[in-house]
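Colleague: The lines below spell out each chain.
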Amino acid sequence: MPYKIVAMILAGGKGTRLESLTKKIAKPAVSFAAKYRIIDFPLSNCANSGINNVGVLMQYEALALDSYVSNGEKWGLNGVHSFMATLTPRQTEDSAKWYKGTADAITQNIDFLDAQNPDYVLILSGDHIYKTLYNEMIDLHVSSAADATISVIEVDPSEASRFGIMAVNKNDVITEFQEKPKVPKSNLASMGIYVFTWKTLRSYLKEDEKNDESDHDFGKNIIPTMLATGKKLQAFRFQGYWKDVGTLVSLHQANMDIALDRRELDLFDGDDLTKIYSEDTHSVPQYVGTKGSIKRSIANQGAIILGSVDSCVVSNEVVIEEGAICTRCVIMAGARIKKGTKINNAIVAPDTVVGGKQEINLGKPDVVLVSGGSYK
Amino acid sequence: MNRVIGICNLHDGPDLGLLTENRPLGAVTFLGRYGLMDFALSNLSNSGIDRINILVEKNVRAVRAHVREGQTWINNTKTGYLRLFFNEKTIANPRFNTDISNLLANRSFFEDETGDFILITNPFMLASVDFRPFIDAHIASGAEASVIYKHVITADTDYLNCGTLSIEKDGLVSKISNNAGMKKAVDVSLGTYVFNRETFEKILRMSREVSLLYGLRKMLRYCIDEKLLKLNAWEFTGFVAPMLNLSDYINHSLELLTYSLRSKLFLDDWPIYTVTHNTPPALYGPDADVKNCFIANGCIIKGKVRNSIISRDVIIEEGTSVDNSIIFTKSVVGKGIKVNYVLADKSVKILQCHEVNGQKDEFLFIEQGAHI
Chain A
1 MPYKIVAMIL AGGKGTRLES LTKKIAKPAV SFAAKYRIID FPLSNCANSG
51 INNVGVLMQY EALALDSYVS NGEKWGLNGV HSFMATLTPR QTEDSAKWYK
101 GTADAITQNI DFLDAQNPDY VLILSGDHIY KTLYNEMIDL HVSSAADATI
151 SVIEVDPSEA SRFGIMAVNK NDVITEFQEK PKVPKSNLAS MGIYVFTWKT
201 LRSYLKEDEK NDESDHDFGK NIIPTMLATG KKLQAFRFQG YWKDVGTLVS
251 LHQANMDIAL DRRELDLFDG DDLTKIYSED THSVPQYVGT KGSIKRSIAN
301 QGAIILGSVD SCVVSNEVVI EEGAICTRCV IMAGARIKKG TKINNAIVAP
351 DTVVGGKQEI NLGKPDVVLV SGGSYK
Chain B
377 MNRVIGICNL HDGPDLGLLT ENRPLGAVTF LGRYGLMDFA LSNLSNSGID
427 RINILVEKNV RAVRAHVREG QTWINNTKTG YLRLFFNEKT IANPRFNTDI
477 SNLLANRSFF EDETGDFILI TNPFMLASVD FRPFIDAHIA SGAEASVIYK
527 HVITADTDYL NCGTLSIEKD GLVSKISNNA GMKKAVDVSL GTYVFNRETF
577 EKILRMSREV SLLYGLRKML RYCIDEKLLK LNAWEFTGFV APMLNLSDYI
627 NHSLELLTYS LRSKLFLDDW PIYTVTHNTP PALYGPDADV KNCFIANGCI
677 IKGKVRNSII SRDVIIEEGT SVDNSIIFTK SVVGKGIKVN YVLADKSVKI
727 LQCHEVNGQK DEFLFIEQGA HI
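Note that the protein sequences, when read in sequence, are chains A and B. All residue numbers for the first sequence refer to the numbering used here, where the first residue is 1 and numbers rise by one. All residue numbers for the second sequence refer to the numbering used here, where the first residue is 377 and numbers rise by one.
If you are wondering where the hints come from, they were derived from the structure by calculation, not from laboratory data. Some hints here could point you the wrong way.
To be verified - Simulated pairs of lysine-lysine, DSSO-like, Cα-Cα distance not exceeding 30 angstroms:
hint, chain 1, residue 1, chain 2, residue 2
1, A, Lys338, B, Lys606
2, B, Lys640, A, Lys291
3, B, Lys722, A, Lys338
4, A, Lys220, A, Lys180
5, A, Lys364, A, Lys295
6, A, Lys231, A, Lys180
7, A, Lys291, B, Lys434
8, A, Lys131, B, Lys722
9, A, Lys295, B, Lys559
10, B, Lys725, A, Lys342
11, A, Lys4, A, Lys231
12, B, Lys667, B, Lys714
13, A, Lys275, B, Lys722
14, A, Lys231, A, Lys182
15, A, Lys275, B, Lys725
16, A, Lys339, B, Lys640
17, B, Lys640, A, Lys275
18, B, Lys722, A, Lys357
19, B, Lys711, A, Lys275
20, A, Lys243, A, Lys210
Stated by the list, open to error - One-sided excerpt, in silico: chain B residues whose CB lies under 7 angstroms from chain A:
hint, residue
21, Phe612
22, Pro656
23, Asn673
Glycine residues also receive a C-beta, built at the ideal position from the N, C-alpha and C atoms.
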């Protein structure tokens, strides 16, 4: 790359809609697809894109996330020209304050970015599931001489009112931004993935910092202000699978997309250029017992499958006891489904023991979360 | 804590036939996920021995590819290390390429090390062994060296040609013999030793005067015969899976499918570390039908698999049945093919046939990269 780019991954949100799954860990550290954590996706995308300078912004329950991200080694971000930093709010000479919004999180780390002195800053979210190379988006940003480039995805018009919607001209230059509009002017939704020219963003962050009325948020404040003051905002049309796994239903659905081998997000294509990197546990190989069965599913090393598993995601160190029947379940690391249990359409939180001879959520279409010891 | 220098000795290992033709025994895939030497390296690591030297006899590339920078087994990456040693001068001259010649060729590296004890282990006696009580017992014994042994009651069929120990009442070894299968109950050496440093250096020096062809194993027999060494014996009572020939490898691999045996090799507080290959989880298709198998990550299983070990990134297609087989990394079994009693090395493609069969006591070996 002829220019320098730093990625900043926003990973500080509480993720309340995942209920007790995020009781003790930040959403980006939540398990996904048997082996991964959600944040593996943006971090691997960065590594695969050749972006080896990454800051991960943390706030809510940063401990588990921080120790997971560590020095970035899992994604190869500990190399000689790489730089990986975990950025939590800190006490400064003047004050000690929390990150008040997505933009404020970057503002509070202007010194970090200044030290890196990048040409461009890539802002990413730590809770999206997608495989991409950011290079095309960055190239568009550079070639269109934009001040900001926003990755957009086409959504169903009936759903457009749930998103931040971008109206564009024939060159995909953004003409209007509507936050969760009642009457959307287009079907292009912002994915919360931005490329900014750093100098421009820096001055807007500095201005925004002074504004007490501002929520210090990219979508609500920075983007509309840039648009209103005549900056060039380019839309980049993202193609492919992308999912915000902010709710139990969307997290379950995204897991099922992998287990049922829909290949919209292909983890099995063997493509080294877009591989997703993660932690490798020191587990024994996964074992399927003489009376066990598993189909339409994915399972990680360390899983022991002695019961029946259909359309499930089975993480490491999970035990499915003989006689247990699991359908459409996302079973996280260390959980045990005891003998005689029948469980359907559930997310089972890590280390949960689901007690025997119970029927859980059978025949029901809605996803339930089973967590914290025995299911009640 | 006593400073211990750890050595994993890849010299003088058993011959697993075609499996060890192009790779040392330590780098042979095991249970679809490990290299055989992972057990020795993890024993060192779990025992707090953070300075690990691997003596490589040959095929350095295969060993390097498996251990990479060694960080998988190292606790502190500054104070600890994992190094590879080989003797460039003798590597093309197998008879002189002994573990002792390797150690002497790399002597300068050891001379710089502080350490009171040298612990040498090997990749072919698979076990989860805590070396700490062994070292403690060695120190308490006042002996110059100690060896780990196992009391075996099936020595007429198992552990053939391994060293057997005559142990006196004081715990010292008076004779090392060869297990010719004549007796059922013997004390078999597991080939893991701890030496006082000066003793170790003395044996290395002495070996040059005795015979250039002698490796450590032969030198120890010589020293015992000539009463030059006080060698203490320490009994290990846990589970051991010896990898002494190809059928050992096949039989022990498949018998570990049984939970009661597996739980003796894989202990809860004794993780076996191996390197990551960044594979996705295993994927099971709608018609997958798997019973009594180890399936490694990255596999795509669409057919029927029974009593088998399937390594990383293997594809088993629809309508296929794989029985009683061990399939190595990146192999493919195509649609509708029946495979029984087969040991398929890496990247084998079984596509152009209906059936591939070996026999229970004579597995069909398919060499690396072969297309069938």
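Colleague: Hint by hint, say whether it matches the structure.
Modeller: The hints, checked one at a time:
1. Lys338/A / Lys606/B: violated, 54 angstroms
2. Lys640/B / Lys291/A: holds, 22 angstroms
3. Lys722/B / Lys338/A: Violated. Lys722/B to Lys338/A sits at ~37 angstroms, over the 30 angstroms cutoff.
4. Lys220/A / Lys180/A: Holds, because 10 angstroms separates the two Cα atoms, which is no more than 30 angstroms.
5. Lys364/A / Lys295/A: holds, 21 angstroms
6. Lys231/A / Lys180/A: holds, 22 angstroms
7. Lys291/A / Lys434/B: Violated: Lys291/A and Lys434/B sit about 43 angstroms apart, past 30 angstroms.
8. Lys131/A / Lys722/B: holds, 29 angstroms
9. Lys295/A / Lys559/B: violated, 49 angstroms
10. Lys725/B / Lys342/A: violated, 39 angstroms
11. Lys4/A / Lys231/A: holds, 22 angstroms
12. Lys667/B / Lys714/B: holds, 16 angstroms
13. Lys275/A / Lys722/B: Distance ~21 angstroms between Lys275/A and Lys722/B Cα, so the pair holds.
14. Lys231/A / Lys182/A: The hint holds at about 26 angstroms.
15. Lys275/A / Lys725/B: Holds, at roughly 24 angstroms.
16. Lys339/A / Lys640/B: Distance ~24 angstroms between Lys339/A and Lys640/B Cα, so the pair holds.
17. Lys640/B / Lys275/A: violated, 35 angstroms
18. Lys722/B / Lys357/A: violated, 43 angstroms
19. Lys711/B / Lys275/A: holds, 27 angstroms
20. Lys243/A / Lys210/A: Not satisfied, since the Cα-Cα distance of roughly 34 angstroms exceeds 30 angstroms.
21. Phe612: violated, 21 angstroms
22. Pro656: With Cβ-Cβ at 4 angstroms, under 7 angstroms, it holds.
23. Asn673: holds, 5 angstroms
The structure fails to meet hints 1, 3, 7, 9, 10, 17, 18, 20 and 21 from the earlier list, while all remaining hints are met.
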